[in-house]
Each structure stands twice: as structure tokens, then as C-alpha cells.
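First to last, the sequence lines map onto chains A and B. Counting in our numbering, the first sequence runs from 1 upward without gaps. Counting in our numbering, the second sequence runs from 1 upward without gaps.
One should not assume that every hint holds.
Which chain B residues face chain A? A few, computed with CB under 10 Å, are given here [said to hold, decoys possible]:
| # | residue |
| --- | --- |
| 1 | T119 |
| 2 | G120 |
| 3 | V130 |
| 4 | E189 |
| 5 | E621 |
| 6 | G687 |
| 7 | Y689 |
| 8 | P704 |
| 9 | P707 |
The set of hints was computed from the structure by calculation and includes no laboratory data. These numbers were taken from a predicted model, which means no experiment stands behind them. Where a beta carbon is used, it is the ideal one built from N, C-alpha and C, also for glycine.
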Amino acid sequence: MRTTNRDVREVIREEPVMRSRILAVLADGPLTVPEIAAAIDAPTHEVVLWVMGMRRYGWLAEIKGSPVDGYFQYQRTGRVS
Amino acid sequence: MTEACAVPAVDEVDYDVLVVGSGIGGMESALKLGDMGYRVLLVEKEASVGGRMILLSKVFPTLDCASCISTPKMASTIHHPNITALTYSRVDGIRRSADGRFHASVTRKARFVDEDTCTGCQKCETACTVAVPDQFNADLVARRAAHIAFPQAVPKKAVIDRAGSSPCSYACPAGIQAHGYMSLIRSGEYEKAHRLVLEATPLVGTLGRACYAPCEGECTRGSLEGTLPIRRLKRFISDVHDEGGEELGIEVAPPNGRRVAIVGSGPTGLTAAWQLARKGYAVRIHEAAPVPGGFLRLAIPSYRLPVETVERDIDNVRALGVEILTDAPVRDLAALRAEGFDAVLVATGTHRSTSLGVPGEDRLGVLGGTDFLRRVKLDQPVDLAGRRVVVVGGGNVAMDAARTARRLGAASVTVAYRRGRNEMPAHHVEADDAEREGVQFSLQVAPLEVLGDAQGAVSGLRCTRMRLGEPDATGRRRPEPIPGRETVIPCEVVIAAVGMTPEPGAFAGQLTATSLGILGADAVTRQTSLPYVFAAGDAVNGATDITRAVGEGRRAAHMIDRWLTGRTMDGFDDRLPVVDKHLVLARQQAYAFRSPAPDATTLVAAPADFTEVEAPMTETEARAAAGRCLDCAVCSECNECVAACPVDGCIDLHARDQHLEARVGAVVVSTGFKLFPADLKPEYGYGRYRNVITGMQMDRLLAPTRPFNTILRPGDGKVPERIAYVLCTGSRDETVGNPLCSRFCCMYSIKQNQLLMGALPLADITVHYMDIRAPGKRYDEFYEQAKAMGAAYVKGRVAGITETPAGDLVLRYEDIEHGGVIAETEYDLVVLAVGVQPNRDAEELFEVGELSLDEWNFVAEPEEDLNPGATSIPGVFVAGAASGAKDIADSIIHAGAAAAQVAAHLESAKAGLSEIAKVPA
């Protein structure tokens, strides 16, 4: 897994590529950002950018309510394309 | 690009006042002047009015919602009868004329969206395939190239972020949106990518294999670790489509009752037929050969381009109802006209091999390059087994002939070429692959005679040695014979691949042509001397390549349609100028290495069959390869926005910038300020530590339209429980050249403290400060209130921040009020209360040095105390933070003062007390 900070533009540009991987790991249920990061072997700060971009455009939504151990869980919304 | 970038007509307009910038100051000045009856031209560079204030969470000390109090003012500004607000526009320059009035050049940047019909539904944004950092959310989240600036934007109209044409798309002679299908592939939208290529040509699979990919030569990624495999990605989407068996999904207009005949079924003819059929024309192709496809089917070897691929692409054309007649040569164009065709396109290509022009060329065993390839493709017997073959020429046909000869069992194959390897016109990959397949090269030799035996069969090729002289008109060094230096290459077969020409005299007496048979046609319209006959492709240009031939077919179809519908014969090429690759690369500070796709070609030294040599890409490879795209032009022209938009014609990618000249009596500069770039304080780790953010970023996290679902730290999405503020980041700091106090950082930090304690009741808030500056009405009470709510304030500078492995942050600071001890405390999130800097854009509005700046580079007010808002230029006034840091309330007051100054200036002119001329009614 990368540990260096990449330019934010570069990370965000990859959202369309990472989308299907993130949706795939969420197929079995909601996960937190660190859990998604572990599942796709990517840095958490990059996953935040991808998850929030996907959330903004309707691919993901958070589980409402209180966070678990400080982290919200995110789930698929059903958007497929 | 002859027809692109036409300079539009320049509109000239008159206003009383020009206001530059529509932040709270600009809006206030414009509204006050509009209310007074002055006609105001307001120019805003962003796609919405509102400036920074609309992006804030709340305002201090009232904690009013920033959106709630901004949006009415924004709406009033846009809808005021005396204000013309031009958003997404820029002032290119302002000059003062002798009569004291001003002339401003303004560019209305193309939104590519019709402001009148856009409903702000955001469907274009949702469908867009290009993700970029959202500057309106301080880069905390992605937006799309097609976007509405922010939810409260006024006007709430979409804009498509286009920096020009991407180099790959611009380089394609076929006009295929390479960037577009890259962005669709990385999104997993393979069928859509296939359809995007079909917009240009039916030959998706063909180009995916046999195109020489000029797009790849221009790929910006090529200057990093290597170009994208754009051609192979096109093959990938073709393969996916073929395997999926889906419909083409292409829009076809209903029949229009007109008929077009096309002579020739090569890439030009097929593409023209495709385009015309899609416009509703009834198209019939006449092909002289027994199979359609021209060069694709009769010349390019199957190891590069399988016959089945070409046939599938031709089936695309047939699927639109195009009739293809084979063994149907056309000699009489008038007969087609008489048969009822409204127009005829001649696209007969260059099928005839150029002769060597040396003695012995008629011997048994001498073949023309294209004739040889054609015979092989038509399964006609060509016995090369065990024979020595010499191919004369250095172009792609020569390479195809040589590699084909290897597959037919030739004992040896030698390419004889008069120049050196570097000067060969063949694509370097073709030459390299030929060599890897055992083809030998005899360079800098030119044929003098084909030698023969007693039976008249070829026995060798007598050549002269050549040397390279001065460059010729093509830039290549001219080959010159070396006297007395001859050699003989023993062989039984000579294949002449030194050039190709059209069939000479094919349309003699009907169309003009050169002695070589090149047809005459207008360079732009492709119309010939017979108005109903158009000619395109290699038949008019000489031998080129597939992509150029496809582009010719598109052009011809466009022009035929224009001619048959009585429109002007133009408008084919309206690409935006290509983006500057250096500017593209400069968008990022660094680039991570991304492995280029490995070569997938399998070559053997003695190939025995015509099996395709290049393997297809897997889906994983394709997604990864397309994911390397840099989005050079930002918008990829994938057309997803156009498809998603519910309003026909609302999105128009053909829109262009508009220019206008404004004559005004006065100018208000309200260009605001810039925020201090926090990475200039490296000891605080901004940009390195993801949980160190700026005050503006925290304001976005606190805003109702926040980028995340709540306040989370960007490093891992955790809800922060320990939050620290570092005040005076980049202000009151000589180490970064800014001794000034930014005036509102203390107060916005206190505001955020209170909001955070409301949103995260369990969070601990600590503020590291030098001294709190809360001089306004109710400001100090606001500060005391934050302390009473539980925020801790620690007096003393923060020396540095380090990051723990968990992403937490350790602040090392001085605690003055506890004996000046040096302490360290760990936090989840650190907010840098960044200061302000001048916006140097203001001075660029005028001639160099005309608009005076103060010693800190804010717009100078020479008589700030007694004459606020007046600048060094009579008639030019400054409003808001362009002249120095001000909070919202002070900016509004200052903007009101500027408006009063403008009114006085204009009224004094009316009264004859100053020199400016009266504004025309």
C-alpha cells in the first residue's frame, strides 16, 4: 500500500476507477473508511476522497445515527451507472 | 485547423459603472449604485455571484446562516433592473480614454450550457465522468467537470469546465474523442465508450488494431512514465461490444428522401456512408473488388487486422441500411446522377502500386506491393516457399509485404531501402516487429535492375549504394547514389512497395486529375468540378493512413449534407485549441509513478501463420490503463452530459467565448483577497499531514452544504474529539513576509469553536493564540461566550506539528500563561487559522503601474482616512477587502462608501464639474 501523500488532484481523478472496487467491497454490507481502505489496500485519506465523492453523487450513503468507535459506516445506494 | 477559433463579433455596450468582482463588497456597491439609478455592469469570474461569504457556515458574532443572508443579496444582484451581471466572465483589461471614461474588454467564457434553458437539475453533473477537486469545497471533495458551482449558486446554472481540446483528441485526424472514451472506460462504461467512437466511424475494431495512433504520440502522460495505450483501449471496447452482442445504440435520423452514391468502400467510403446514413440518407456503396473494405480488407495483413474484424465493422454500416455492391466498378458518374442519386462521393483510394522504373521489372517474380497483399488476402495462390524475397521500399506496405512473405515460407526476406532506418516512413513499430520476425534490412541501397535467368525469372536485384545528402522538402536527408558502388542481392522474388497511386484515368473527362491520377477537389469542401460529385480520401490526397481516411469520410459526409440541404459549406472542424501540456502538468506538484501497460505483442522469428500477433487487454488492464489519463482538457467530451440533460440543445459543446467592449464612466474594483497558502509554513505540516486543515476547510465542514456527512477528519473519516486551532497562520508573521493582522481570523476561529461545540458536544476545543483581537461590536462578548462554552485558549506560539502513526497530531507550543513552558499535546485535528493576502489580479486590470498598490500590495487608497474607496486613478474606486483585510460588516460599509464615491464622480461629470463625458442614454 502507498504511504506517501499524492497530489489531491491525482487521487480524485482516480475516483471513477476505484468506484467499482469500493462498491464491490460494500456488496456484503456497510463499512467504515478504515475498513474499506483495508479491503482495497489503499490509504485511508485517499479512501475518504473517493467515498465522499461517491457519496456526493449518489453511489454511497452513510448509515444514519451515531458513529461506531468514531467512524461512520457507508453503504451502497443502488446506483449502478 | 482552418475553420476553428473564428473570432466572434465584438459587442459594444455602455454602462455608467463597471464593478469587477461580486463578493459581498462588489454586490453591495452594485446594488447601491443600481438603486440610485445607475446602470451597472457587474463582471464575476466564477459561475456564481457571492464570493467567499456564500461558502461560509455562519457569520460572527450573530451566528446568522451565511447562506440565508447572502442568497437574498445574490438574487437581488442578479435580478436588479439596473444591474447586468456577467458571471463566468473576466475583465481582460481596462483603459482610460482622454474624455475620462473607461473602455473595458470583457470575455464571457463559454459555459457550454444555455443559461436560459438550464434548469439547474444537476443531471449533467451526476452523469459527468471527470472528477476534479472542488475549489468551492476547499478541495475536500470531488466535483465534476460539468458542475453547478455550489447548491446556492446564483444563477443556478451548470458550467462545463473545458480548458481546450485534449492533445489526444486534437491529434486524431478521424476526429475521435480519445479522451472521451478514456474517461468512459475508466468508469466501466464500455458500451458507452464504444458508442462514442461510433459517433465518428463504424470502424472501431479496425482502428483498435490497425491505427498508428497519433493520439498516443501526443499523450501528455508520455512525458511522465509513458503514454496511454489508447489504440489498444479502443480495441478493448470493440472486443467487449462484440462479445456482448449489444445493439449499436446509435441515433439514426428518419429517412430524408435523398440518395447518395459512394464509389469505394475503404475507410473513407465506409465512414462517409455511416455518417450519411445516420442523417437519414439512402446510401449505396459501389465497390469494384469482390469484397468490401478496400485497403482494410485487401491489403492490411490478418496478423494485424483479422478479416473478421473488418467484416464486423462493415456490418455496422450495413446495419444502418447502407447497400454495398461488390464487383461493381463505376466509370460513369453522370449515370449515377441519372439513376437518381442526389450526390456522389468518389473515395476510390490508391490501389495501384508504383513501379520501380528499372530494367527487368517485367520479369517473372516481380510483384507490386499492394497486388501481392491483395492476392494473399483473397486467398489467391502466391508460392514463396523456399524462395528468397526482396521487398523494395521503406513504408508500411513494404513492412506488411515483408512480414507476409515470411509467413508464406520465404527462405529469406530482405527489405531494400534507399535511406537509413531512421528515415523510413514506416511506423517504427512495424519496422521493429518485422525485424523481430526475421526480416533483414539492406539500407541505403536503390535498385538499378532486376536481374533474370534464361527463363526470364528473377535471379537477383542489382542495386547502387546510396549516401544521405542534404534534407529534401520533407525534411528527410536526400539519398544520393555513390558512383561505382554496386551490389547484387540474390533473390527469386522482388516485391515493389515504393508507393501507391489511384487508378490513372479512372474518371477521365469527368473529374480533373493529376498525371498520377490524384483527383482534384476543394481542400475544405471536397467538392469537385462537378457540383454533385465530391471526392475524398487517398484518391485526392495520395496514400495516407486509416485515421486520415476516416476523417476524410467524415468531412465529405458533412459537406455533402450541407450542400444537399442548401447550407453554407463550413462548420466541420470547430475544435477548441489544444491545451498546453506544460500547463496540464503544472496542475499537480508531483506525480506518482503509474506503470504503463506492457507490450502484448507476441512475435516469433519464423512466423508460420496469420494469427493476430497482439493480445487483447483484460478488463483490469483496461481500467488501470485508462485510469492513468490526466484529463488534460478537464472535460473529456464523452457527451454523457448531453445525453443526461433533459433539455434538448441546452448543452452545446460548440459554444465559444464571447467578447464585448464596455464603455463606462467609473470602475469599482472589488476583487477581494486570497487566503494564505498554509503549506508555506512547513512546520505545521499542511499538505503533508491530512488532518491539518485550514479555517476555510473547517468552515466548509461546518456549512449546511458540507462536503462530508458531518465533521470528519480528512485523513481517515473519523469524528474528531480533540481539535486544536493555530491562530495567526501566515499573518502577523515576518517569516512569511506578512506583518499584517488579518483582522477576522480570531473571530472566525471563535465562531467555529462555538459551532463545533454545538455539533460535537463531546469534543475538546483548544485555541493557540498570541492575542485575541475582538474589537467590533459584540465581538468580545462572543469571545467570552466561547470560553464559557468550554473552549480552551492557550496563549503562545505553536512551534511545530508532528504526526503520529495513527494520524493524530502533536503540537509543540509555548504556554505563556503557565510560566512559558514548552508543552506538547496530541489532537485529532488541527485547524490553521490562515490569514489573507492581496489579490494581485486587481493591478492586472490596468496598464502596468497605473493602479497604485500599498506596501503590502493591496489596492492603495491614497486618502484612506478622508476619501475611502478612491484609488490612484480618477474614476476608479475600490470596495471591500481588495484594499486590505476586512470582515463582512466592514466590507459592506466600505463598498457603500465606494458606491457613494462613484455617484459623486458621475454626478460631478453631469454637472460639468469634471471631465468625463455624459453616458449615452
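Hints, one by one, checked against the model:
1. T119: Cβ of T119(B) sits 18 Å from chain A, so the hint is violated.
2. G120: violated (16 Å)
3. V130: OK, holds: V130(B) within 10 Å of chain A, min 8 Å.
4. E189: holds (7 Å)
5. E621: violated (12 Å)
6. G687: With a minimum Cβ separation of about 7 Å from chain A (threshold 10 Å), the hint on G687(B) holds.
7. Y689: OK, holds: Y689(B) within 10 Å of chain A, min 9 Å.
8. P704: For P704(B), the interface hint is violated, since the closest Cβ of chain A sits about 14 Å away, which is over 10 Å.
9. P707: With a minimum Cβ separation of about 6 Å from chain A (threshold 10 Å), the hint on P707(B) holds.
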